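Visitor: Here are the chains, one letter per residue:
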Amino acid sequence: MASEHMSVEEVKKHIKVYWMIFGSLLVLTAVTVGISYIHLSFTFAVILALVVASTKASLVALYFMHLISEKTAIYLTLALTAVLFVILIVVPWMIPMGAMRSWLVS
Amino acid sequence: MSHHEMPFWKKYIFSTDHKVIGLQYGITATFFLLFGFFLMILMRWQLAYPGIEIPLIGKALTDTGALTPELYNALGAMHGTIMIFLGVVPMGVGAFGNYLVPLQVGACDMAFPKLNMMSYWVYFVGGVIMMMSFLMPGGAAASGWTSYPPLSVISNNAQTVWLVAMVFLITSSLLGSVNTIVTAIQLRAKGLNFMRWPIHVWAQVTTAFLLLLAFPPLEGAAVLQLADRLFGSSFFLPSGLVVSGEKLAVAGGGNPLLWQHLFWFLAHPEVYVLILPAVGIVSEIVTTNCRKPLYGYKTMVYSILFLGFMSFVVWAHHMFMTGMGVTLSSFFQATTMIISIPSVIILTTILLTLWGASIRFTVPMLFAMAFLPMFAIGGLTGLPLGLTASDIHLHDTYYVIGHFHYVVAPGTLFALMGGVYYWYPKFSGREMNEFLGKLHFWVSFVAINFVFMPMFLMGSKGVSRRMYDQTQYSHGAATQSWNVVMSTAAFVLLLAQIPFIWNMFTAWKTGKKVQNDNPWEATTLEWAASSPPPHENFPTPVEVYRNPYTYSATTRKVLPQFIPQEG
Amino acid sequence: MAVHIPYIDKPNPVTGVTNAKLGVWLFLASEVMLFGALFSALITLRLGVSDWPHGYDVLNVPLATLNTVVLIFSSVTVVMAWASLKMHNLKQFKTYMSLTLLMSFIFLGIKAVEYGTKFSHGISPATSNFYAIYFVITGLHGLHILGGIIVNAYLLGPGSHMWKSEPERFTGRIECAGLYWHFVDLVWIFLFPILYLL
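Protein chains in written order, with numbering that gives the first Met the number 0: chain V, 0 to 105; chain Y, 0 to 566; chain E, 0 to 197.
Calculated directly from the structure, the hints in this document are not laboratory data.
Since the structure is predicted, the reported quantities are computational estimates derived from the model, not experimental observations.
Ideal Cβ positions, reconstructed from N, Cα and C, are used throughout, including at glycine.
One or more of the hints may lead you astray.
What follows is a set of in silico ranges between Cβ atoms, one per label pair, in the way DEER data are often shown [claimed, not checked]:
hint, chain 1, residue 1, chain 2, residue 2, range
1, Y, 298, E, 53, 51 to 59 Å
2, V, 11, E, 53, 42 to 50 Å
3, V, 30, E, 12, 37 to 45 Å
4, E, 12, V, 57, 44 to 52 Å
5, E, 153, Y, 69, 44 to 52 Å
6, E, 12, Y, 150, 22 to 30 Å
Sequences are here, hints too, so could you generate the full structure?
Guide: Structure, rendered in structure tokens:
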């Protein structure tokens with residue numbers, strides 16, 4: 000509903016939220032860069048970096064892109080995309096890596 | 000403002016009218032289908048008579064007049080590419096989707112007419128670029144339609160042209176699929192809720208989703224392969240690769256299987272992109288000519304949706320031989336068996352629609368009915384390929400070629416031809432000649448089975464695909480006589496298309512005029528418009544009152560979706 | 000062209016969205032799959048070799064951090080441009096849209112400096128697969144920025160005449176252009192840690 004019919008008052012409320020989100024994004028950027036200077040173990044660093052990035056991405060998607068108050072048609076499209084995205088990301092490297100590496104190197 | 004006052008180039012060349020664009024797609028795709036077929040005729044001559052000069056045109060192609068192995072490879076790669084990406088998909092999705100989806104949902108045009116025009120022209124440019132690949136020194140792209148690296152990365156420059164053309168074709172498909180989905184969902188006529196959509200609309204929308212979400216990974220992969228070829232990266236080149244006795248001077252560390260994953264992530268859904276519009280077309284033709292509602296409309300809808308989704312999780316069954324491990328193989332084997340269930344349900348619902356019907360054996364109906372057993376053969380022969388154990392024997396043999404050609408050629412192409420006969424009165428206001436139609440059907444039907452049926456036999460004997468001359472091997476020489484039969488049949492099949500092409504082009508001006516706008520007495524919305532429909536399709540907004548396919552076999556009553564109940 | 004296509008400026012009562020909005024989201028869905036394929040390639044390549052460098056050792060983290068801030072700020076300005084139209088303030092819209100454009104140019108400028116340094120050190124996609132995937136993903140992202148610049152510049156310039164004739168449709172266009180721009184920002188939000196910080 001949010002994006003189509005809004006009074007000036009409502010828009011002003013939204014604007015306040017936008018600047019707050021901007022602040023949070025800056026803080027999270029500082030956090031993720033800061034973490035990278037500590038040189039944690041690789042697995043832990045990956046998890047932390049992805050958690051922070053996902054948080055930032057969610058803030059952008061939910062508030063700037065108004066996904067927090069969107070319509071079912073768009074949610075359905077994105078849900079389908081999300082499932083396929085995960086499959087696309089995960090399957091290719093599920094090839095047993097040991098076996099792969101041995102014939103790649105030999 | 001009227002469409003008729005526009006200059007010729009705006010009305011027929013750079014038109015934004017979905018009907019003109021649909022016909023443009025249809026005519027361009029017909030050209031490419033014939034061209035791709037012609038390439039295959041050249042190859043079939045070589046297969047039947049290895050090393051013997053091709054009559055009439057041989058000397059124009061090579062010095063000896065016979066195909067060289069290099070040229071054979073190029074023709075094979077281009078036949079596959081042209082047939083799939085420039086022929087069948089633009090015909091099924093571009094032509095039929097564009098022309099019929101807006102009409103069947105009661106819309107005045109596509110949701111984004113300019114985008115629609117753009118997707119046709121991007122496709123056209125992609126096609127032209129793909130054709131230019133023939134003019135490259137060293138010949139056209141020759142790494143197969145699958146363009147597997149490392150071969151494709153180290154092959155001649157035509158491969159770069161191939162990749163650029165693919166980027167254009169993919170972009171065109173993406174634009175088109177956004178348009179189709181938005182049109183079908185947003186521009187529905189009043190009363191046309193989702194469960195009143197004709198099956199053809201369901202099929203086209205599902206297809207559009209497949210194109211939308213499966214094509215981008217191939218676009219990404221094409222960009223990576225372009226980088227490998229142009230900028231010297233080694234995404235698909237492993238370390239220590241040796242070519243012609245010399246170590247390749249690249250950084251290495253790449254993974255050729257990565258291409259296969261990204262390629263088949265598109266190319267398996269692509270199979271359903273080829274088949275789903277055909278299923279939609281056949282459903283329309285069968286219900287109209289059976290004068291019966293579709294047996295199990297909802298079952299059909301859910302099967303199509305499930306099929307569409309599952310098509311994204313079966314791709315690695317093309318890769319059983321890559322050594323990807325038992326776990327992954329078992330997973331993809333299971334999903335492959337699961338996806339056969341909705342396919343069988345779809346076929347069964349259409350088949351059961353025939354039960355107890357008073358069938359009108361019109362030309363489109365003949366094609367639609369031939370589709371059923373042909374697609375069934377294509378589908379069932381796929382099962383041994385989806386099981387890892389039997390795939391070891393059959394992988395990359397003629398059996399595979401037979402399997403997917405049964406799905407696409409006597410399957411999809413027959414459905415598309417039936418669609419041309421069925422909707423021709425809608426396109427032109429005239430009918431195609433029935434005698435020529437029947438001649439076209441029967442000769443094609445017999446010939447096409449002689450082309451593809453022996454492939455199963457040759458494949459089970461172990462004859463590999465993409466082979467220039469199988470008589471070099473004793474097991475190949477043993478089945479060589481079949482090649483002569485197949486090539487003869489292929490030539491007959493080519494001749495059988497002459498009456499069709501002739502019929503299609505002459506009937507436009509000289510065909511029998513239709514008596515009314517709904518010559519087949521059909522029920523779906525496209526028949527509410529006049530034949531051919533004017534620029535904005537419907538003079539007043541149409542309204543939908545009931546489900547599609549409200550026929551009664553017993554009372555012979557027809558209730559089209561667009562006519563309010565009388566009495 | 001007198002074709003009357005419904006739901007151009009007003010949402011379809013059943014789906015609740017305009018044609019353009021649904022269209023843009025579908026397009027973005029396909030973009031997710033495009034970048035998904037490239038990220039998938041990155042993971043596969045990285046797991047396939049033992050000598051993959053750490054981004055922070057070989058790439059310029061401070062410059063990239065600055066670029067992150069620039070891009071996040073442009074995301075705020077583009078959503079503010081849309082909010083300005085919602086408050087019927089065309090002048091404020093133009094200010095924010097110009098800021099968005101300025102930020103996009105700064106982003107590309109910084110990117111050019113980064114690329115230039117790499118090239119001057121003789122580093123190219125042929126150097127290693129790390130650089131290859133770095134150049135391809137950031138290059139494709141840069142092309143998306145360029146596309147956004149063209150769209151936003153059009154909407155700021157000649158495209159803004161529509162505000163007088165069809166204000167609702169114009170606001171819808173700005174929203175759609177904004178959605179695309181946020182998406183480009185979103186890609187960078189993932190791309191930055193994965194390439195530079197790990």
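Visitor: State for each hint whether it applies.
Guide: Taking the hints in turn, this is what the structure says about them:
1. With their beta carbons about 55 Å apart, residue 298 of chain Y and residue 53 of chain E fall inside the hinted range of 51 to 59 Å.
2. In this structure the hint that residue 11 of chain V and residue 53 of chain E lie 42 to 50 Å apart at CB holds, the actual value being about 45 Å.
3. The hint said 37 to 45 Å for the Cβ distance between residue 30 of chain V and residue 12 of chain E, and at roughly 44 Å that hint holds.
4. Checked against the hint of 44 to 52 Å, the C-beta distance between residue 12 of chain E and residue 57 of chain V comes to roughly 30 Å, which is inconsistent with it.
5. Checked against the hint of 44 to 52 Å, the pair residue 153 of chain E and residue 69 of chain Y passes, with Cβ atoms roughly 48 Å apart.
6. Taken as a hint, the range 22 to 30 Å is violated for the pair residue 12 of chain E and residue 150 of chain Y, whose Cβ atoms sit roughly 55 Å apart.
Checked against the numbered hints above, the structure violates hints 4 and 6; every other hint is satisfied.
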